[in-house]
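There are 6 protein chains.
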Amino acid sequence: MSRISVAQLKLNMTLSRQPFLLREKSLTTTRTGSAMLRVVLADRTGAIGGVYFDVPGHVPDSLTVGQGVEVTGRVGEFKDQLQLNIERIIPARLENPEEFLPLARRPIEEMAQEFDALCAGIENADLSRLLKTIFDDKTTYQAFTHAPAAKFYHHACVGGLLEHTLSVARLVLTACELYPELHCDLVLTVALLHDLGKIRAYDPVSFDLTGEGSLLTHLYSGAAQVERAIDALPGFGAELRLQVIHALLSHHGKLENGSPVLPMTLEAIVLHYADNLDADTRGALDHFQRSEGDGSIFTEYSSMHETKLYRRSQDSSSPAGSKQQSLL
Amino acid sequence: MSRISVAQLKLNMTLSRQPFLLREKSLTTTRTGSAMLRVVLADRTGAIGGVYFDVPGHVPDSLTVGQGVEVTGRVGEFKDQLQLNIERIIPARLENPEEFLPLARRPIEEMAQEFDALCAGIENADLSRLLKTIFDDKTTYQAFTHAPAAKFYHHACVGGLLEHTLSVARLVLTACELYPELHCDLVLTVALLHDLGKIRAYDPVSFDLTGEGSLLTHLYSGAAQVERAIDALPGFGAELRLQVIHALLSHHGKLENGSPVLPMTLEAIVLHYADNLDADTRGALDHFQRSEGDGSIFTEYSSMHETKLYRRSQDSSSPAGSKQQSLL
Amino acid sequence: MSRISVAQLKLNMTLSRQPFLLREKSLTTTRTGSAMLRVVLADRTGAIGGVYFDVPGHVPDSLTVGQGVEVTGRVGEFKDQLQLNIERIIPARLENPEEFLPLARRPIEEMAQEFDALCAGIENADLSRLLKTIFDDKTTYQAFTHAPAAKFYHHACVGGLLEHTLSVARLVLTACELYPELHCDLVLTVALLHDLGKIRAYDPVSFDLTGEGSLLTHLYSGAAQVERAIDALPGFGAELRLQVIHALLSHHGKLENGSPVLPMTLEAIVLHYADNLDADTRGALDHFQRSEGDGSIFTEYSSMHETKLYRRSQDSSSPAGSKQQSLL
Amino acid sequence: MSRISVAQLKLNMTLSRQPFLLREKSLTTTRTGSAMLRVVLADRTGAIGGVYFDVPGHVPDSLTVGQGVEVTGRVGEFKDQLQLNIERIIPARLENPEEFLPLARRPIEEMAQEFDALCAGIENADLSRLLKTIFDDKTTYQAFTHAPAAKFYHHACVGGLLEHTLSVARLVLTACELYPELHCDLVLTVALLHDLGKIRAYDPVSFDLTGEGSLLTHLYSGAAQVERAIDALPGFGAELRLQVIHALLSHHGKLENGSPVLPMTLEAIVLHYADNLDADTRGALDHFQRSEGDGSIFTEYSSMHETKLYRRSQDSSSPAGSKQQSLL
Amino acid sequence: MSRISVAQLKLNMTLSRQPFLLREKSLTTTRTGSAMLRVVLADRTGAIGGVYFDVPGHVPDSLTVGQGVEVTGRVGEFKDQLQLNIERIIPARLENPEEFLPLARRPIEEMAQEFDALCAGIENADLSRLLKTIFDDKTTYQAFTHAPAAKFYHHACVGGLLEHTLSVARLVLTACELYPELHCDLVLTVALLHDLGKIRAYDPVSFDLTGEGSLLTHLYSGAAQVERAIDALPGFGAELRLQVIHALLSHHGKLENGSPVLPMTLEAIVLHYADNLDADTRGALDHFQRSEGDGSIFTEYSSMHETKLYRRSQDSSSPAGSKQQSLL
Amino acid sequence: MSRISVAQLKLNMTLSRQPFLLREKSLTTTRTGSAMLRVVLADRTGAIGGVYFDVPGHVPDSLTVGQGVEVTGRVGEFKDQLQLNIERIIPARLENPEEFLPLARRPIEEMAQEFDALCAGIENADLSRLLKTIFDDKTTYQAFTHAPAAKFYHHACVGGLLEHTLSVARLVLTACELYPELHCDLVLTVALLHDLGKIRAYDPVSFDLTGEGSLLTHLYSGAAQVERAIDALPGFGAELRLQVIHALLSHHGKLENGSPVLPMTLEAIVLHYADNLDADTRGALDHFQRSEGDGSIFTEYSSMHETKLYRRSQDSSSPAGSKQQSLL
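Protein sequence lines correspond, in order, to chains A, B, C, D, E and F. Take 1 as the starting number for the first sequence in the numbering used here and just add one per residue. Take 1 as the starting number for the second sequence in the numbering used here and just add one per residue. Take 1 as the starting number for the third sequence in the numbering used here and just add one per residue. Take 1 as the starting number for the fourth sequence in the numbering used here and just add one per residue. Take 1 as the starting number for the fifth sequence in the numbering used here and just add one per residue. Take 1 as the starting number for the sixth sequence in the numbering used here and just add one per residue.
Careful, some of the hints might be misleading.
Where chains are identical, the list cannot tell them apart; a pair therefore holds if satisfied intra-copy or between any two copies.
Derived DSSO-like pairs: lysine-lysine, alpha-carbon spacing no greater than 30 Å straight-line [as the list claims (entries may be wrong)]:
1) Lys254 with Lys25
2) Lys308 with Lys25
3) Lys254 with Lys308
4) Lys308 with Lys10
5) Lys10 with Lys151
6) Lys138 with Lys151
7) Lys132 with Lys10
8) Lys138 with Lys308
By construction, these hints were calculated from the structure, which means they are not laboratory data. Treat the numbers as computed from the prediction; the structure is a model and nothing was measured.
Throw the hints in and build the complete structure from the sequences for me.
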């Protein structure tokens with residue numbers, strides 16, 4: 001049986017040893033003693049819930065979240081959603097694991113080259129050395145270029161952090177043209193590093209906050225990791241070090257957003273707003289996408305934006321006498 | 001006696017019928033009956049306080065703030081500041097009034113051309129008509145290109161609003177490259193119009209808030225003026241109108257900052273952060289300039305940024321082993 | 001079959017071509033391809049949900065929210081609530097449409113006369129002209145006297161805005177007696193106009209926020225509409241114009257409640273508190289009514305009042321030795 | 001030498017044993033050992049500062065704030081304000097003490113009658129008994145009818161609390177007409193009692209907060225005093241008691257304004273807004289008066305209103321083409 | 001049939017006249033006319049829901065919340081929870097009522113002795129008399145030693161208030177050792193009395209807020225009760241009285257937490273933090289316990305702590321190379 | 001001339017080459033070209049301002065803040081404060097530098113022994129190693145035992161950080177007795193380390209925030225330093241590391257107080273309140289001391305406590321009939 005993607009699943013379809021990534025699992029033991037396993041199975045095209053009634057005792061422990069499984073069963077329906085009724089589920093090695101996670105819009109390869117070029121363009125010796133120290137580490141580079149930028153489903157994707165980082169970098173470069181007083185190498189460096197902590201704060205598969213992400217925050221983790229990298233660079237400018245770490249710590253802009261200090265330098269101010277502009281705009285785009293096709297002009301409430309959003313009708317730029325009705 | 005600029009004044013200098021712009025005046029009648037007139041006199045190079053003891057009764061009423069005066073007297077000192085001891089002050093017509101107000105960094109002419117080019121580049125017919133309707137009005141155009149962007153002294157200058165508007169426009173154009181979903185003509189139009197209300201909200205000479213600026217806010221005034229302009233354009237898209245006015249009303253980003261509604265469209269979100277980025281960065285640059293030369297690493301508290309700011313030492317980008325001391 | 005009102009419906013009743021107002025509709029297409037139409041049907045006496053299983057494809061599009069329908073089917077039950085199981089639903093012209101919307105407590109006619117008398121009592125020439133200009137427009141007058149004052153179900157009713165306006169007017173008139181310094185014509189005028197924007201901000205049938213209501217707010221819409229009316233009045237006092245618009249803009253009292261400016265005049269202060277007093281008191285009365293009959297002393301949490309409310313027992317003013325128990 | 005009021009004092013006038021009320025005193029011992037006594041002296045027409053250089057050691061202790069003094073000296077000037085240079089100051093019994101404190105606008109006698117009539121109109125037996133118990137106490141009645149309503153100088157006056165109470169009562173009576181559901185006797189009773197705690201919270205002469213006012217707040221003190229009065233009334237309704245105390249405790253409307261509980265009853269809601277309406281409106285009137293005559297359209301910032309206030313020009317209600325200038 | 005505790009109930013078990021405490025009851029009359037009674041039944045070991053379909057009309061009124069019942073029926077299941085299907089329920093006198101409520105960890109007897117010892121140790125005559133006056137009242141003492149400290153289920157228990165009080169007392173005694181400036185008798189007295197108002201604010205059986213608890217708050221009720229006790233003590237120090245009541249009123253530390261005044265004395269500051277330390281720590285322990293056994297490292301969101309909490313794994317203090325995985 | 005301490009200075013005293021610590025210096029160049037040097041000179045007994053008119057150009061640069069000077073001049077007076085009129089000031093080596101800074105109440109030696117004993121008592125191997133690694137470093141230990149705990153004058157003293165740390169440790173030990181669930185070694189360790197970052201954040205002489213203190217905050221600096229120490233300890237428990245760093249980062253308790261994360265563990269919660277209890281109580285004691293002797297019952301507003309504080313009169317615990325007056 002050839003591989004069937006999540007997007008291809010249809011009601012009543014029968015599956016035999018189909019591979020999926022195990023995103024989540026939970027075991028419910030009812031008080032009557034019978035056990036039920038709930039799972040979320042996924043590949044790049046989407047995710048589907050599954051349920052295994054009267055699951056044998058050894059099964060749940062044999063499965064590891066973030067690894068592959070092979071599933072046998074039938075596609076049913078629950079609360080108007082497709083759901084897999086599982087008859088058998090076993091651990092399995094995924095041949096092409098990357099096919100089982102959602103991907104960023106742009107190819108990672110292409111984004112990574114753009115990122116490398118930005119790093120290479122830094123002329124300040126200390127900052128250049130700093131970026132090298134951090135990203136020449138293969139593990140870090142691999143994690144950084146594949147990490148998600150945030151935990152919510154549609155927003156999270158492999159390469160999401162890289163995509164966000166490049167947008168912020170693009171915005172601070174425009175700022176460099178506008179304000180000659182900006183230390184351009186500095187603001188670009190902190191743009192490239194500002195969310196480094198997310199590679200420790202989010203699980204690369206489930207996109208959940210890790211223990212470190214919850215207890216220490218990505219803001220602290222990233223700043224501390226960068227400071228350790230600076231420690232290893234003899235002669236790194238003491239004042240420059242403070243400015244780098246300060247911009248990383250303050251980039252959320254407000255204490256109530258989790259920055260322990262407000263932006264006090266030009267570069268920290270610019271980074272903060274560039275980060276917000278990209279995060280809120282992409283957040284809005286993702287929010288539109290999530291609620292696409294329900295036909296109403298306004299979306300559901302977006303907790304990120306603290307309001308519902310307005311979805312422009314397709315042809316809103318043309319003269320609109322007839323459209324007035326629908327709005328007023 | 002040839003004209004002496006404010007920057008050229010020195011202690012004990014004697015002035016004879018020197019022209020200045022009258023920025024402020026106030027009359028103090030002491031309880032003993034003697035009257036003292038305090039004034040602020042200015043030209044493009046700066047401002048100086050003046051005091052006229054036992055001023056004759058008819059003098060104060062003869063002078064109008066925002067118009068020229070000729071002053072005879074002597075440069076004295078008060079609380080470590082130069083101060084004019086006035087012997088005579090009379091109303092006078094300034095020959096080149098523009099020489100008596102601070103100017104933006106870039107020539108207005110040059111900025112105006114850039115602004116015109118941006119307007120001319122709008123392809124959407126409705127938005128193009130809208131900008132024409134508003135800026136083809138000579139009075140509005142003149143006011144807009146010469147208005148200050150805010151009321152504080154160093155920040156305020158002739159052309160300040162135009163300079164700010166161009167920076168915001170530049171930032172939203174970068175956003176247009178990043179997010180193809182943006183309605184580029186729309187976001188550029190609202191960038192160009194977002195602070196239009198300031199031409200009614202600030203006095204063009206004293207840079208004080210006007211009655212309308214205080215009671216209605218520039219946010220409302222601008223939106224209402226734009227809406228009136230739309231009223232005059234038959235067939236203007238109904239939905240587009242809502243989006244234009246919405247972006248103007250919401251560009252302060254939060255209710256507590258005076259926007260009656262939060263940004264609900266992509267364009268409103270982008271405009272908000274672009275506006276904040278430029279305002280806070282320029283505000284920081286102006287704040288640095290105001291406190292220049294006091295030798296300390298941190299500035300005074302900046303109420304705009306809710307923190308003191310950090311002033312980089314000149315050579316912070318070079319290796320800095322020896323500098324650690326000065327900081328720690 | 002004679003008309004049966006919503007209040008008269010009983011379990012298992014059979015309906016044949018009964019007329020209702022269509023309040024809401026939504027189509028759920030299950031992933032198995034079958035379609036289900038959900039509707040809310042209403043008349044003056046209440047509202048009831050309906051469901052049409054396997055609805056034919058052309059039906060949903062043939063129906064328009066805010067217009068009449070004729071329904072054939074049977075009264076069933078779902079989650080302890082009556083629900084119509086629809087067999088047929090077709091668009092229909094309602095003969096007496098006003099019988100299908102909830103009504104204010106007092107007759108609209110009577111309230112409109114009271115409103116007219118208040119307008120007629122304004123002696124200030126400018127303000128009198130202003131009210132005339134606005135309310136002599138038949139469409140505006142009709143919309144104003146029939147609009148709801150807010151969107152929630154029990155509170156919303158035809159004539160609700162008028163009822164609220166009259167209460168606020170009554171309270172500011174008392175204030176006029178207390179504070180001779182108040183400009184009585186001014187404060188009364190802004191009381192009468194303060195929620196004018198709601199005729200554009202709420203849909204007159206569904207009572208939902210319109211696009212304009214969400215994107216521009218009733219506060220802005222009302223102020224801008226009044227300002228346009230002033231534009232049309234040659235010689236209207238410039239200072240008076242500012243005071244009128246200021247009171248409209250500031251009547252929510254705080255930036256975080258959506259006013260772009262705080263009340264700065266006596267009249268704006270009085271209007272703000274009079275508006276709050278009536279809104280919160282009526283809101284409490286409506287909240288009591290919604291949760292009537294559940295027997296407990298405290299209501300559910302009221303998000304408007306940010307607390308649950310306390311419902312006095314009927315006879316609390318009599319000596320109450322025996323009642324202590326129920327409370328303590 | 002006949003009595004000279006504060007308002008009659010002029011520069012260089014010589015005083016001999018003139019009577020004043022001692023409002024404040026403070027002794028500054030310079031480090032060189034010389035002592036300087038500063039005092040504030042007042043009568044109904046105003047207050048003036050005084051300074052006694054090298055004051056003999058026994059003098060300061062002989063004087064009691066809130067009692068009369070006789071002063072010999074000369075009227076001088078300090079920082080543009082008249083100031084008494086004292087040569088001698090001794091304690092003295094004031095013959096007509098009431099002439100030495102500022103008075104409410106309306107005669108206390110007249111207001112007290114109005115207050116008595118309101119009390120007498122309460123029909124509910126419990127509430128009527130409660131008001132009697134409290135106000136039949138001569139000391140309480142005398143304190144209540146003469147107390148100030150707040151501590152700031154211009155606002156504070158003998159009878160101020162009574163004046164405020166009557167305004168609030170007037171407003172709640174209007175509410176009784178608007179909302180038949182209001183328990184009218186209850187809302188009127190709590191209006192009459194709502195600031196009773198101020199007779200313990202403010203010093204009747206200096207108008208300063210007392211120790212009890214600072215440590216317990218007038219809100220608590222008043223509620224506790226009323227509850228003790230209820231204790232003394234056998235058979236007082238248990239539920240009514242809760243409602244009375246609740247309205248007193250919640251009348252500041254928000255926790256951050258010092259109410260330990262939010263208004264949860266109709267009567268508490270109405271009382272809260274009636275109290276705010278009168279306090280803010282009177283506060284604005286007093287604020288206008290304090291800054292009268294400085295000629296500008298806007299007042300100084302009012303911390304009570306969190307904004308500067310706008311002072312209408314005298315003739316703003318007449319057609320105003322020519323006035324536009326002064327504002328715009 | 002011998003008594004079966006809630007903890008012993010199993011699916012399909014049949015009960016015959018088993019005694020329970022009636023915690024809650026509610027009657028749902030469906031619109032079809034049939035009646036359903038829902039109850040919560042409890043004993044010291046836990047609580048279980050019950051449902052009585054088609055309950056005869058006289059039954060619901062025959063039952064009183066907070067009293068005993070005898071139940072006949074069968075243990076079923078609803079939404080994965082055990083639930084009693086009731087066939088018969090009658091009022092009954094509980095022989096050992098204390099067996100039907102959850103108990104504090106430590107024996108009440110033991111805690112009461114500790115409390116008595118603390119009272120006995122107060123040397124200040126006034127404060128000692130005050131504690132005696134209050135706690136010599138048998139009813140108060142009984143209520144105080146058995147009241148819950150808060151309303152949520154797991155936290156609430158008989159003796160909970162006493163347990164909390166002793167912890168706070170323990171903490172302030174440590175503070176007395178650290179700060180000799182503390183008035184030790186005073187801070188201990190207010191620690192012992194700080195939540196006295198809870199005996200009126202919480203129902204001793206349902207642990208719900210009473211009418212007085214909701215309308216007046218335990219903070220006010222306690223302070224007012226203590227003040228009445230002081231009234232009965234001739235010669236009690238006036239300043240001491242203010243300090244006692246002040247500490248009680250301010251112990252929530254912030255206006256937004258319901259204290260009408262901020263802590264202004266050393267003793268009030270210490271009491272506030274000692275109270276918070278114990279409440280938040282116990283609240284966390286209870287929160288852990290409620291969500292025990294779901295296997296995840298973080299708990300559900302705790303509204304008390306405004307975050308989810310982190311549950312240490314059992315052996316976290318041992319070297320943890322292998323555990324890193326589970327976290328990172 | 002033998003050394004004269006600051007406390008011994010008297011008006012008109014003449015000084016010849018007296019040694020002081022230079023706390024602050026600032027040079028004012030008037031626009032007339034003359035230069036004036038202002039300094040603050042200090043020793044353990046206090047601080048005094050000095051002014052050097054027409055200071056020779058080379059002098060200011062020859063002096064270093066935080067080092068010794070020798071001063072010749074005369075004690076004058078300015079604004080009622082003693083002030084040194086300097087005739088000559090030269091850099092000088094202080095023989096016993098420790099005599100020139102304010103000291104903590106308890107001897108540092110004694111406190112350090114107590115601190116060492118607490119460290120030695122930690123049984124958990126990882127935590128014990130961690131404390132050793134950090135405090136075996138002589139420079140760190142010396143800095144830690146001598147650092148101030150905060151920047152304000154009266155509060156800051158040599159040993160202040162140590163004193164604060166011991167108090168917090170004392171409070172968490174009490175908590176360990178109350179809550180057996182606490183990981184006692186962990187909570188004690190984080191108590192000992194919680195303000196470690198202050199040794200980098202405050203200048204040890206001027207007590208000013210350093211560049212690092214302002215830009216990175218002591219909270220971040222401390223956590224990062226501890227994490228680096230953990231890095232150097234092979235096999236340190238991964239989960240324990242998270243808990244240690246988490247408690248350090250969260251100990252300010254709220255995002256708006258600068259913690260990037262809220263306390264999520266028992267130990268973090270206890271640490272937070274113990275820290276607050278000691279800081280606020282000591283802050284109050286210092287505030288009382290600063291305003292001692294002005295005779296009023298209430299202090300000036302304390303920005304730390306957001307209120308003025310109440311100062312108990314000396315004998316408030318005795319029966320107080322006569323004292324009522326002074327308060328009421």
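Hints, verified against the model:
Taking the closest pair of Cα atoms, Lys254 and Lys25 never come within 30 Å of each other, the shortest separation being 37 Å inside a single copy and 34 Å across copies. Taking CA atoms no more than 30 Å apart as the test, Lys308 paired with Lys25 passes between copies only; the shortest distance there is 20 Å, against 32 Å inside one copy. In the homo-oligomer, the alpha carbons of Lys254 and Lys308 lie at most 30 Å apart both inside one protomer (23 Å) and across protomers (14 Å), since each shortest distance falls under that limit. For the identical chains of this complex, Lys308 and Lys10 are neighbours neither inside a copy (32 Å) nor across copies (38 Å), given an alpha-carbon limit of 30 Å.
Taking the shortest alpha-carbon separations for Lys10 and Lys151, only the intra-copy value of 28 Å comes in at or below 30 Å, while the best inter-copy value is 41 Å. Taking the shortest alpha-carbon separations for Lys138 and Lys151, only the intra-copy value of 24 Å comes in at or below 30 Å, while the best inter-copy value is 44 Å. In this homomeric assembly, Lys132 and Lys10 never come within 30 Å of each other (Cα to Cα): the closest approach is 49 Å inside a single copy and 55 Å across copies. In this assembly of identical chains, the alpha carbons of Lys138 and Lys308 never lie at most 30 Å apart, being 42 Å within a copy and 34 Å across copies at closest.
Hint compliance for this structure: hints 1, 4, 7 and 8 are broken, all remaining hints hold.
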